[in-house]
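Chain order of the listed sequences is A and B. Here the first sequence is numbered in my numbering, starting from 1 and rising by one per residue. Here the second sequence is numbered in my numbering, starting from 1 and rising by one per residue.
Hints in this document: simulated from the structure, not taken from any laboratory. Hints should not be assumed to be uniformly reliable.
One copy or two, it doesn't matter: identical chains are merged, so the pair holds either way.
Result set (DSS-like, lysine-lysine): computed pairs, CA atoms no more than 25 angstroms apart in a straight line [as the list claims (entries may be wrong)]:
no., residue 1, residue 2
1, Lys304, Lys255
2, Lys343, Lys255
3, Lys301, Lys343
4, Lys482, Lys132
5, Lys343, Lys304
6, Lys93, Lys132
Protein chains: 2
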Amino acid sequence: MNSAELVELGQQLRVDSVRAAAAAGSGHPTSSMSAADLMAVLLARHLRYDFERPDHPGNDRFVLSKGHASPLLYAAYKAAGAIEDGELATFRKLGSRLEGHPTPRRLPWVETATGSLGQGLPVGVGIALAGKRLERTGYRVWVLCGDSELAEGSVWEAAEHAAYEHLDNLTAIVDVNRLGQRGPTRHGHDLDAYARRFQAFGWHTIETDGHDVDAIDRAFGEATSTTGQPTVILARTLKGKGVASVEDREGLHGKPLPDAEEAIAELGGPRDLVVRVQEPPAARLLHAVPDGSRELPTYDKGDKVATRNAFGAALAALGTARGDVVALDGEVGDSTRTEQFAKEHPDRFFECYIAEQQLVASAVGMAVRGHVPYAATFAAFLTRAHDFARMASISGAGINLVGSHAGVAIGQDGPSQMGLEDLAMFRALYGSTVLYPCDANQTAQLVAAMADLDGIRYLRTSRGETPVIYGPEERFPVGGSKVLRSSGEDRLTVVAAGVTVPEALAAADALQEEGIRIRVVDLYSVKPVDRETLRLAAEETGCLLTVEDHHEEGGLGDAVLDAFTDGRPVPRLVRLAVRTMPGSAAPDEQLNAAGIDATAIAAAGRLLVGEAVVR
Amino acid sequence: MNSAELVELGQQLRVDSVRAAAAAGSGHPTSSMSAADLMAVLLARHLRYDFERPDHPGNDRFVLSKGHASPLLYAAYKAAGAIEDGELATFRKLGSRLEGHPTPRRLPWVETATGSLGQGLPVGVGIALAGKRLERTGYRVWVLCGDSELAEGSVWEAAEHAAYEHLDNLTAIVDVNRLGQRGPTRHGHDLDAYARRFQAFGWHTIETDGHDVDAIDRAFGEATSTTGQPTVILARTLKGKGVASVEDREGLHGKPLPDAEEAIAELGGPRDLVVRVQEPPAARLLHAVPDGSRELPTYDKGDKVATRNAFGAALAALGTARGDVVALDGEVGDSTRTEQFAKEHPDRFFECYIAEQQLVASAVGMAVRGHVPYAATFAAFLTRAHDFARMASISGAGINLVGSHAGVAIGQDGPSQMGLEDLAMFRALYGSTVLYPCDANQTAQLVAAMADLDGIRYLRTSRGETPVIYGPEERFPVGGSKVLRSSGEDRLTVVAAGVTVPEALAAADALQEEGIRIRVVDLYSVKPVDRETLRLAAEETGCLLTVEDHHEEGGLGDAVLDAFTDGRPVPRLVRLAVRTMPGSAAPDEQLNAAGIDATAIAAAGRLLVGEAVVR
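Using the sequences provided together with the hints, build the complete structure.
See the structure below:
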């Protein structure tokens with residue numbers, strides 16, 4: 001396409017954005033119009049992409065970080081011949097693939113769900129990392145950002161990470177239209193302000209007029225020929241560009257144009273240009289690392305091993321068995337134990353430093369490219385990336401997140417380091433799996449099993465040693481549980497997981513000496529829960545006592561309820577959980593103070609069996 | 001103190017850090033030793049603080065962002081005469097005030113809990129903002145950061161915010177000891193790398209030798225005399241400084257020194273220097289804005305009003321009534337409706353742009369200084385600040401967080417904008433309150449009531465209009481509920497909140513026409529829940545059906561269980577919640593597709609009353 005045609009294409013993208021939002025009665029046409037010329041030049045001149053083969057390993061990858069500009073994206077799909085013009089009219093309607101913010105669940109050309117600002121660039125960094133270090137097929141990653149979202153700290157985690165890793169296959173394009181949702185941004189059209197920041201973080205920067213197609217073309221060319229560092233193109237644009245009644249005006253964010261027909265006429269009317277997008281270069285398949293034999297670590301019953309250690313060993317073994325497994329850590333690999341994977345598989349280990357948002361975003365980017373990422377940090381610090389995990393669940397990204405140092409059982413470090421909300425956070429994510437092993441063999445099995453699940457998979461590990469209670473031959477299906485103590489005379493069922501399992505067993509032993517038999521269930525699969533076992537236990541023992549090293553809301557206690565919310569009779573339920581604010585103390589003192597140790601379980605058991613009401 | 005004495009004081013702080021960690025058998029002495037000279041000069045020469053009056057309005061404020069260096073902080077307290085030498089030996093022990101990471105719950109001189117890295121500077125920005133814009137008592141804010149934590153995006157949200165607000169009362173001191181937990185940082189001792197970044201963000205930067213007390217003294221002096229912008233002092237230091245066996249060595253993070261006695265001898269032995277810390281200047285009290293009369297907005301029954309609108313109007317009215325109320329927003333004030341407060345009380349409104357971590361951190365900083373902050377953004381985007389809310393709960397900070405656009409009811413924008421995990425997130429925080437109003441008068445009352453609660457208070461508001469069902473005279477105690485339909489013949493209780501309340505009422509009406517009477521409870525207080533009403537409903541109707549615009553985990557359904565976990569018989573419980581991934585659609589279509597509208601409630605009611613098992 002020549003320059004005049006590019007101008008026309010830009011106008012077409014504007015017209016189609018206006019049309020889509022008008023048909024929907026909502027949406028963000030003005031935020032689309034500012035970036036239309038950038039998108040036109042990218043699509044027609046620089047992107048290499050086969051829309052019929054979105055899985056082509058040589059395809060460039062495009063991420064619309066400013067996800068609210070979805071009309072522009074869909075208009076581009078039409079221009080590329082990927083969707084019909086008529087589909088634009090379904091925008092934001094029930095059942096349409098063209099959602100308010102793009103999601104890969106619906107559209108094969110969308111890499112990652114966006115709409116929570118400041119996430120597209122971090123995920124783009126993850127994709128570019130995969131391209132650079134794992135695949136080497138030469139694809140480029142293009143991320144279209146808004147200017148408002150540069151206020152998000154996650155953007156600067158991404159900027160730091162990308163420059164440090166020399167991601168010259170990554171180009172960020174910033175649509176500097178100077179207007180946020182409710183008014184001007186901090187820096188308006190001061191492109192230099194943004195350039196200084198990106199330069200300081202090690203990026204190559206280009207400032208351009210975002211409505212001059214030739215200047216944009218030169219900028220993209222310069223970006224693709226820059227080596228050794230990522231490039232950001234800072235494009236001065238006008239929100240609502242091309243329609244005088246809305247151009248560069250406040251108060252029009254997220255609203256259809258007041259008079260769409262008039263606007264379309266002003267833009268020169270509808271067009272039906274079709275762009276022949278460049279083919280990607282031929283490229284070989286992913287996962288150059290061959291699979292090896294799988295030999296998960298095994299442990300002897302009675303040994304004492306921290307589940308975090310078993311995780312580290314199992315992950316390293318899984319890395320040997322599977323070439324698609326990669327590991328990431330937030331600069332605590334000596335604590336989470338990903339260090340073993342890093343040592344054995346350095347090419348597939350990604351140090352993300354203390355930047356948990358980028359840690360999870362990198363994992364999402366790897367998953368987008370077909371790898372199987374395990375990203376680990378302290379359970380407490382995964383809360384830092386909650387929004388990234390939330391968006392990953394919307395994407396349907398298959399990522400493994402591993403939170404170590406769960407609960408008060410960590411001991412002396414105190415509450416800031418204790419994961420006490422993580423089960424609630426991960427249970428509440430759509431389609432998630434939540435696993436909480438209590439011993440080393442169980443951990444090893446679950447680490448391997450989680451690799452092949454869908455969606456967000458969370459593994460909770462513990463800092464301190466726990467006894468190995470299962471043999472290496474034992475299997476632990478996701479959605480299952482283990483009944484560790486059971487008799488025909490059980491008068492109560494204790495449901496435990498992780499560090500509270502040995503406490504429950506000790507309590508059962510103590511009560512048995514008093515003539516009280518109780519059932520003990522190891523609910524290692526917190527989501528989904530083993531409904532059958534819990535229901536049977538309820539029927540046979542009448543009362544369930546849950547014991548967890550987590551706040552009482554949203555964790556194990558609430559999870560057990562999942563087995564009884566179909567209208568059937570519910571057993572008596574009692575919860576032991578962390579209800580006070582812990583301080584520093586030894587692990588056993590912590591469990592005691594929180595009332596979740598063997599003593600507390602036995603005491604509750606006596607009361608419940610005696611039919612007394614406790615709390 | 002002269003230079004030689006400052007050197008001695010630095011050594012004393014090192015010795016006491018080593019002693020505390022040795023007594024504890026854990027802790028971070030090497031991370032304390034690198035910053036000891038910085039702390040010595042600050043304490044003896046620049047900090048203005050009355051340890052006997054931590055509430056003194058003229059006190060400078062010190063935040064230890066690298067919270068793991070707590071031994072240094074406690075050693076400084078000893079040097080200032082605030083604690084006895086003997087207390088150092090209680091470090092990290094059960095019941096001690098000297099926790100692994102400092103918390104204000106235990107120590108009056110700690111402004112905010114730290115230990116999750118990258119949070120001290122953002123909270124310091126909040127305190128400095130309060131000092132600059134609300135109090136004007138002239139105090140300075142000093143934040144001691146680690147170098148590793150500069151990888152956190154939240155630090156750059158803070159850097160951006162501080163420079164934009166010209167916070168020349170803020171000094172960040174970075175202890176660049178080049179070593180993180182598991183090895184070298186990205187930039188090692190390259191102070192320029194950090195200086196470039198801070199300069200680009202608009203800060204005055206000073207590079208210094210962090211072990212030269214005279215150079216440090218000059219740096220602090222330059223920082224306090226810099227106007228118009230915040231200052232960062234980048235101090236080149238050595239981890240473990242002063243003890244050859246650990247100095248500048250890897251693999252020693254978070255560990256007591258191998259031979260404490262030898263190390264203490266090498267450091268010149270124990271000392272008992274006492275520093276006379278400068279007195280703060282005389283200062284007047286906080287909250288210069290006088291209280292006015294309180295006239296909360298009222299609405300007529302039958303009108304249709306969005307609860308977010310009622311929130312905005314009530315907050316503005318509360319701002320008139322109370323001079324201590326401040327509001328903050330994440331650049332969506334036209335959506336959350338804080339814009340009304342911003343218009344009426346511009347001096348007490350803080351625009352935080354799209355940076356939710358800094359939004360919450362600013363609120364924490366305001367709360368630290370005795371103000372009553374309301375921070376608002378979309379409920380979905382508050383997940384971005386989960387770790388900040390978690391740490392605020394550890395601090396015991398009294399902050400009000402308001403999440404708008406809850407649930408699928410927002411309609412066309414799609415899942416990225418829908419708060420579907422927020423109830424789980426906020427319920428799981430220690431000591432939190434979770435409120436979810438369904439109508440405008442209820443919202444107004446709750447907005448006022450939450451101001452005086454302890455801890456984290458969360459209010460969930462809705463985008464669309466809902467009918468006003470309560471009169472303005474109605475009262476809504478926190479921990480209460482409202483029974484909206486009740487009869488002697490109720491065969492089921494529907495528990496709803498927010499947008500599902502009108503749906504539940506419509507279902508009750510439909511069922512009544514079929515001869516089925518059901519009870520309807522408006523559970524506006526999700527945490528704490530109204531145990532009495534729920535238990536009575538269970539007794540009288542036998543079955544509870546919860547209906548919520550939230551994922552099924554951790555929200556209303558789980559909250560109801562709180563009323564029945566004391567061992568008493570549990571009623572039959574059934575949950576209607578969002579179980580599928582929503583797309584774009586109109587609000588009523590969304591409620592229908594999720595199975596939480598009147599039709600779904602009525603259908604479930606019929607089945608349950610007919611004793612059938614549903615799901």
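- Item | Index of numbered hints that the structure contradicts, given in increasing order | 3, 4 and 6
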